[in-house]
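Protein chains: 2
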Amino acid sequence: MPHRYFTTQITNGRAVLEGEDAHHLAHVMRARLGEQVVLCDGHATEYTATITGFGADCVEFSVEEGYPTAAEPRLELTLFAACPKQDKLEQILQHGTELGVTHFVPFFSRYCIAAPKNEAQKNLRYNRIVREAAKQAGRGVLPDVALPLPDFGAVCRALPGYDAALFFYECGGMPLRAALAPFVRAAEAEQDAARADGCGAKDEVRSSHRPRIALITGAEGGFSPAEAQAAADAGARTVGLGPRILRCETAPLAALAAVLALSGDLE
Amino acid sequence: MPHRYFTTQITNGRAVLEGEDAHHLAHVMRARLGEQVVLCDGHATEYTATITGFGADCVEFSVEEGYPTAAEPRLELTLFAACPKQDKLEQILQHGTELGVTHFVPFFSRYCIAAPKNEAQKNLRYNRIVREAAKQAGRGVLPDVALPLPDFGAVCRALPGYDAALFFYECGGMPLRAALAPFVRAAEAEQDAARADGCGAKDEVRSSHRPRIALITGAEGGFSPAEAQAAADAGARTVGLGPRILRCETAPLAALAAVLALSGDLE
Numbered sequence: 002m003p004h005r006y007f008t009t010q011i012t013n014g015r016a017v018l019e020g021e022d023a024h025h026l027a028h029v030m031r032a033r034l035g036e037q038v039v040l041c042d043g044h045a046t047e048y049t050a051t052i053t054g055f056g057a058d059c060v061e062f063s064v065e066e067g068y069p070t071a072a073e074p075r076l077e078l079t080l081f082a083a084c085p086k087q088d089k090l091e092q093i094l095q096h097g098t099e100l101g102v103t104h105f106v107p108f109f110s111r112y113c114i115a116a117p118k119n120e121a122q123k124n125l126r127y128n129r130i131v132r133e134a135a136k137q138a139g140r141g142v143l144p145d146v147a148l149p150l151p152d153f154g155a156v157c158r159a160l161p162g163y164d165a166a167l168f169f170y171e172c173g174g175m176p177l178r179a180a181l182a183p184f185v186r187a188a189e190a191e192q193d194a195a196r197a198d199g200c201g202a203k204d205e206v207r208s209s210h211r212p213r214i215a216l217i218t219g220a221e222g223g224f225s226p227a228e229a230q231a232a233a234d235a236g237a238r239t240v241g242l243g244p245r246i247l248r249c250e251t252a253p254l255a256a257l258a259a260v261l262a263l264s265g266d267l268e
Numbered sequence: 002m003p004h005r006y007f008t009t010q011i012t013n014g015r016a017v018l019e020g021e022d023a024h025h026l027a028h029v030m031r032a033r034l035g036e037q038v039v040l041c042d043g044h045a046t047e048y049t050a051t052i053t054g055f056g057a058d059c060v061e062f063s064v065e066e067g068y069p070t071a072a073e074p075r076l077e078l079t080l081f082a083a084c085p086k087q088d089k090l091e092q093i094l095q096h097g098t099e100l101g102v103t104h105f106v107p108f109f110s111r112y113c114i115a116a117p118k119n120e121a122q123k124n125l126r127y128n129r130i131v132r133e134a135a136k137q138a139g140r141g142v143l144p145d146v147a148l149p150l151p152d153f154g155a156v157c158r159a160l161p162g163y164d165a166a167l168f169f170y171e172c173g174g175m176p177l178r179a180a181l182a183p184f185v186r187a188a189e190a191e192q193d194a195a196r197a198d199g200c201g202a203k204d205e206v207r208s209s210h211r212p213r214i215a216l217i218t219g220a221e222g223g224f225s226p227a228e229a230q231a232a233a234d235a236g237a238r239t240v241g242l243g244p245r246i247l248r249c250e251t252a253p254l255a256a257l258a259a260v261l262a263l264s265g266d267l268e
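Chains as they are written, first to last, in my numbering: chain P, 2 to 268; chain L, 2 to 268.
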């Protein structure tokens, strides 16, 4: 499998890779003129690229026509994750990127034990982590990590921008299957339609509107009853993750894998 | 929520807790005579227990009639996990216990980077980890961790003991949904039957035969083609986890959450 890199510098059949990635390709991988890699623009289009030159701090390529990546889920997933203690957010970012999250939005809530500290600096590291994880996972989209929202009210105010918001509540709620049903059915119908047209089903579905789904998971202390009510008032569907008590770093991954399994995006 | 402890010493309306758990209850929680806790026998029966006495290294209880735990999934899950590097197996054990695994069977395979070393000693630590995780997650069954199997042939020889074996292959396979369909349908039919009888559906399903499902996931290097063939020859269903490349510590958790979501055990 050829190596993959993200770059935004792709125009008119030429592309350039700079910085650490260029160093990695030229000096760690010891790539040579004429070798091929996959370049991804970070917005779900990939290119087969042939090395045409090495600069002081860059690698140059000629690129063929782009094609849509096959690695992105049918749903565009945003994970709102309450800030946990220690380095647990890094685990959530890494594994969430592998599973298919596009946007991460950390936030502070009533029962968070962690408090805001050096958030701008941490955010740089968090975005480096998802960039590396996206490369390794073969993602077609480069996920981003927002600066943390200061309280749960800010999370609720962001929810109208999504087709559905799933509030994962430790006190339980409706089955995830029921909360996701409209989107799963819509995706299946689109696939059937694409199949009937004789088109590649996956590409058809991916090029059409992707439902934007927000997943909201808590920190060590869970959510307060007032926060649960605020989420419901903001239109989120309250869902449970079963009778076993999941840690705050396990819950988002279980929630993501469950959503992807039910939407047919984990097969 | 009352505190929960595992003990096998429950007979004739009396129970005893010894060792670290007794110390924790008496000296960390500073429990008093007459206070109630939940005791679990580790085999899916729970008891409401009232403290009747404190010994030198034990706590004594009177217990009410036992009731089946509500926290165990409909499927009995065994996770065969190839041994990864460093402490990643500990993460898999901890999160797998929270999600609902009953038996863990580590194994070495062709592309494992880790090699067997002090396995008996590590096994003691691993079983302590799942015991603590089971308590925190509110499990009704105390999971166990086997000593690692020396090669993939030993994994294949163990598979006839299961109702189904799912071989999670990085090169893809059938959709998990299709592989699990017979068990999901059987569980739903049992639930419907129990509902028609006017009984508590969950208890009915849990008291009947629980399908035993084996999940098999690889280490950093994945599986060799010969191992994939051997798994298929041993009757395992080869399934994929989607087009994104999951790390070896992410794959088992994604596989577990996906199985539980599809079987209705994550709601």
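Be aware that a few hints might be false.
Heads up, the list lumps identical chains together, so a pair's fine if it works in one copy or across two of them.
Stated by the list, open to error - Taking lysine-lysine pairs in the DSS-like style, the calculated list, with each CA pair at most 30 Å apart, reads:
#, residue 1, residue 2
1, 136, 123
2, 86, 123
3, 86, 136
4, 123, 89
To be clear, the hints were calculated from the coordinates, so they are not data collected in a lab.
Predicted model only: the values in this text are computed from it and were never measured.
**Prompt:** Given a CA cutoff of 30 Å, do residue 86 and residue 136 count as a within-copy pair, a between-copy pair, both, or neither?
**Reply:** both (26 Å within a copy, 21 Å between copies)
**Prompt:** Quick one: residue 86 to residue 123, C-alpha cut-off 30 Å, is that within a copy, between copies, both, or neither?
**Reply:** both (13 Å within a copy, 27 Å between copies)
**Message:** When Cα atoms must be at most 30 Å apart, do residue 136 and residue 123 count as within-copy, between-copy, both, or neither?
**Reply:** Answer is within: at 20 Å inside a copy they meet the 30 Å cutoff, but 33 Å across does not.
**Message:** I want to check one pair: residue 123 and residue 89. Are their C-alpha atoms no more than 30 Å apart within a copy, between two copies, both, or neither?
**Reply:** The answer is both: 13 Å in one copy and 24 Å across copies each meet 30 Å.
The structure agrees with every numbered hint stated previously.
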